[in-house]
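Asker: Residue numbers (our numbering), protein chains in the order written: chain A, 398 to 892; chain B, -8 to 170.
Just so you know, these hints were derived from the structure itself, not from any lab. Remember, predicted model here, so these are calculated numbers, not experimental data. Hints are not guaranteed to be accurate.
[Unchecked claim] Heads up, simulated DSS-like pairs for lysine-lysine below, C-alpha to C-alpha not over 25 Å straight-line: (1) Lys110(B) with Lys846(A); (2) Lys846(A) with Lys743(A); (3) Lys743(A) with Lys9(B); (4) Lys462(A) with Lys110(B); (5) Lys824(A) with Lys846(A); (6) Lys122(B) with Lys586(A); (7) Lys547(A) with Lys572(A); (8) Lys122(B) with Lys136(B); (9) Lys136(B) with Lys743(A); (10) Lys122(B) with Lys145(B); (11) Lys401(A) with Lys468(A); (12) Lys586(A) with Lys572(A); (13) Lys547(A) with Lys598(A); (14) Lys1(B) with Lys435(A); (15) Lys462(A) with Lys435(A); (16) Lys110(B) with Lys136(B); (17) Lys468(A) with Lys435(A); (18) Lys824(A) with Lys743(A); (19) Lys(-3)(B) with Lys586(A); (20) Lys435(A) with Lys401(A); (21) Lys1(B) with Lys743(A); (22) Lys547(A) with Lys468(A); (23) Lys462(A) with Lys586(A); (24) Lys110(B) with Lys572(A); (25) Lys136(B) with Lys435(A); (26) Lys743(A) with Lys122(B); (27) Lys846(A) with Lys1(B); (28) Lys572(A) with Lys598(A); (29) Lys586(A) with Lys598(A).
[Claimed, not checked] Not everything, but these chain A residues come out facing chain B in the computed CB check (under 10 Å): (30) Gly549; (31) Pro551; (32) Gly750; (33) Ile860; (34) Met864.
Beta carbons are placed, not taken as given, at the ideal position from N, Cα and C, and that holds for glycine.
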Amino acid sequence: MFRKILVANRGEIARRVMYTCREMGIATVAVYSEADRKALHVLKADQAVFIGSSDPAESYLNIDKIIAAAKLTGAEAIHPGYGFLAENPQFAERCEQEGLVFIGPPSQVIRKLGDKTVARRTVAGSGVPVIPGMDRPESDPGILAREAAKIGYPVLIKAAAGGGGKGMRVVTLPKDFDEACTSASSEAKRAFSDGSIYLEKYLYRPRHVEFQVVADMQGHVVHLLERECSIQRRHQKIIEETPSPIMTPELRERMGAAAVAVARASGYVNAGTVEFLVDQERNFYFLEVNTRLQVEHPITEMITGLDIVRIQLEVACGNPLPFVQEDVRSRGHAIECRIYAEDPEKGFYPSPGRIIYMQAPSGPGIRNDCGVYAGFQVPVEYDPILSKLIAHAEDRNQAISRMIQALEDYVILGVSTPVAFLIDVLKSEAFAGGDTFTDFIDAHFSGWKPNRCDQDAACAAFIIDDMFGGSKAEAAKGRAAVDASPWQTLGPWGR
Amino acid sequence: MQYRLKTGEKVISLQAEKKGDHAITLSNDNCHLDVEYTVISSQHQHLVVNGCPVNAWLAREGNATTVMIRGIPYFIQDADIPDPRVRGKKGLQAIPQDVTPPMPAVVVRILVTVGDSVKLGQSVIVVESMKMETTLSAPRDGRVKAVNVAAGDKVMPGQIMVDIDRDDAVSAIKESQPG
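Only chain A is shown next, with the shape it has when bound in the complex (with noise of 0.2 Å):
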């Protein structure tokens, strides 16, 4: 096994990822930004290297300066968390060149199924189905304008080197189709440092499931079954669970075994997640393949009972799956809520700043993968995840009760979270009905606003501060108790 890896990533994953090599004795380097010196990665990991400046490009994209970070401290193997390198091929490449691990499968598997448009033809290939679409990237806005003509409208422009939403736009009418290209070339470009583009079909209401896959050198493809990552907003999974809610046996074992086709379609080796949409016939047909550890890894972890990044360390050591597809199990049920830094109330705008106050909920069956603390300076360079929230309980029922009491204790203050609006989701007929398609937010939560009703308790709250409260003893005090350090929060650590 590895003595020392660097995680190339920030926030909540990069920590992540430092629990289990902590648990199996592999010392950790993190690297970090201008605006990430007192982020909790760094002061988590056994070593930090600063690499630049806030901008992404001129530090956590910066490949030259993670490879150097890596050279300097001795690490042998890196870590690229999900977003930034970690779906870059020319990053794992070099890696490979620089004698250095890249925990994540080969660069040549992720050139393929990292060009989405590669992708689909990959997958074709192998029998499995696919939307109707590009097979190409494309820049010139006249053979887009005429290649949406030809697939119909609604069309959704994506990324060819996409993910996370990033790039991705709806468009209904031909009228807007040249400026959202524009925008989403632009936004892709500074997302993945390539700004190609390409176009499917928009189906009407789809789900999106996906499944968990994890390959061996040795070319053992097992899946770890299903999420069903419908609930979103802005393209961007918002809500997780497993199972999905509209799953059966024996569909679950096509889109496994689909899933499973795609993986050795591609030669694919590590932790990896083929997704799919279903359509209301219950058809699936191949989205994209992540080819790195996924955002909602953690409610897979929970059903299973595996530890995914150590699968990825050992798989990236040359060590065979210590289990075949008969083996994994799943109990429960699992929910994953993903906790912004974004006003639910004003379209999800982001919202970044200073986070003044945090409390984390706990309790049976409850885990926080959480990036931050009460002080951090929440920076606007980065993307928006604070933490994730995840409830495992016997059943889907008792995981959505046990999530809404987890959220209901979740205080983050200083920033605006959707805490309240996932409540508002977890407690809706339509999300305990399991109607949970890519529109659910524009159907029912659209313009939504917390119903207020404790609306005297706050004005009691209020006046009692401002009579004998906490507002004036601590202006008296000074500031020092309002600002729990990260030494006061963070508990015994340190080696």
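Since the structure of chain A is provided, determine the placement of chain B on it from the hints.
Answerer: Chain B only, in chain A's frame:
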């Protein structure tokens, strides 16, 4: 003590009276609240309001306080001391009068130059925050008088990035803040 509190669009008047060491009553013509309280910290109070226990979490920003109860934020301020910087009270639907970012952001592209004539709703500048691009449009028909920012600049809400003169207006040009 008499309080006039603004929460959301509403103004609520309440008479507060101390009752013993850890209790107050709040009342007006419509309601009467018996409130027992324990101040846990400057951020946290435990209340029993008419018999119902509640944990309330507080964050003060200027004259306004955000009170978080059961995951829901309540924005409360003293109605007699208006604070223009309070966030959360203005709805998204309010039509902006200036080209200013809705949140802290970085300028990505500027789509107009000084002297351009623009139409209401025309895209003038693109900003990005937390990897999400937002296109801001002209709040009125007019002419671009000044562009106060450059691509790559960090900008804050309230900062006017592009000055647009009303075609007919001769005055009422807002002073731009330093970029």
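Asker: If a hint holds in the structure, say so; if it does not, say that too.
Answerer: Status of each hint after checking the structure:
no. : hint                      : verdict
1   : Lys110(B) with Lys846(A)  : violated, 32 Å
2   : Lys846(A) with Lys743(A)  : holds, 9 Å
3   : Lys743(A) with Lys9(B)    : violated, 38 Å
4   : Lys462(A) with Lys110(B)  : violated, 45 Å
5   : Lys824(A) with Lys846(A)  : holds, 14 Å
6   : Lys122(B) with Lys586(A)  : holds, 11 Å
7   : Lys547(A) with Lys572(A)  : holds, 15 Å
8   : Lys122(B) with Lys136(B)  : violated, 29 Å
9   : Lys136(B) with Lys743(A)  : violated, 30 Å
10  : Lys122(B) with Lys145(B)  : holds, 14 Å
11  : Lys401(A) with Lys468(A)  : holds, 11 Å
12  : Lys586(A) with Lys572(A)  : holds, 23 Å
13  : Lys547(A) with Lys598(A)  : holds, 10 Å
14  : Lys1(B) with Lys435(A)    : violated, 40 Å
15  : Lys462(A) with Lys435(A)  : holds, 20 Å
16  : Lys110(B) with Lys136(B)  : holds, 14 Å
17  : Lys468(A) with Lys435(A)  : holds, 23 Å
18  : Lys824(A) with Lys743(A)  : holds, 21 Å
19  : Lys(-3)(B) with Lys586(A) : violated, 45 Å
20  : Lys435(A) with Lys401(A)  : holds, 22 Å
21  : Lys1(B) with Lys743(A)    : holds, 19 Å
22  : Lys547(A) with Lys468(A)  : violated, 51 Å
23  : Lys462(A) with Lys586(A)  : holds, 20 Å
24  : Lys110(B) with Lys572(A)  : holds, 18 Å
25  : Lys136(B) with Lys435(A)  : violated, 41 Å
26  : Lys743(A) with Lys122(B)  : holds, 17 Å
27  : Lys846(A) with Lys1(B)    : holds, 15 Å
28  : Lys572(A) with Lys598(A)  : holds, 17 Å
29  : Lys586(A) with Lys598(A)  : holds, 22 Å
30  : Gly549                    : violated, 26 Å
31  : Pro551                    : violated, 20 Å
32  : Gly750                    : holds, 7 Å
33  : Ile860                    : holds, 5 Å
34  : Met864                    : holds, 7 Å
Checked against the numbered hints listed earlier, the structure breaks hints 1, 3, 4, 8, 9, 14, 19, 22, 25, 30 and 31; every other hint is satisfied.
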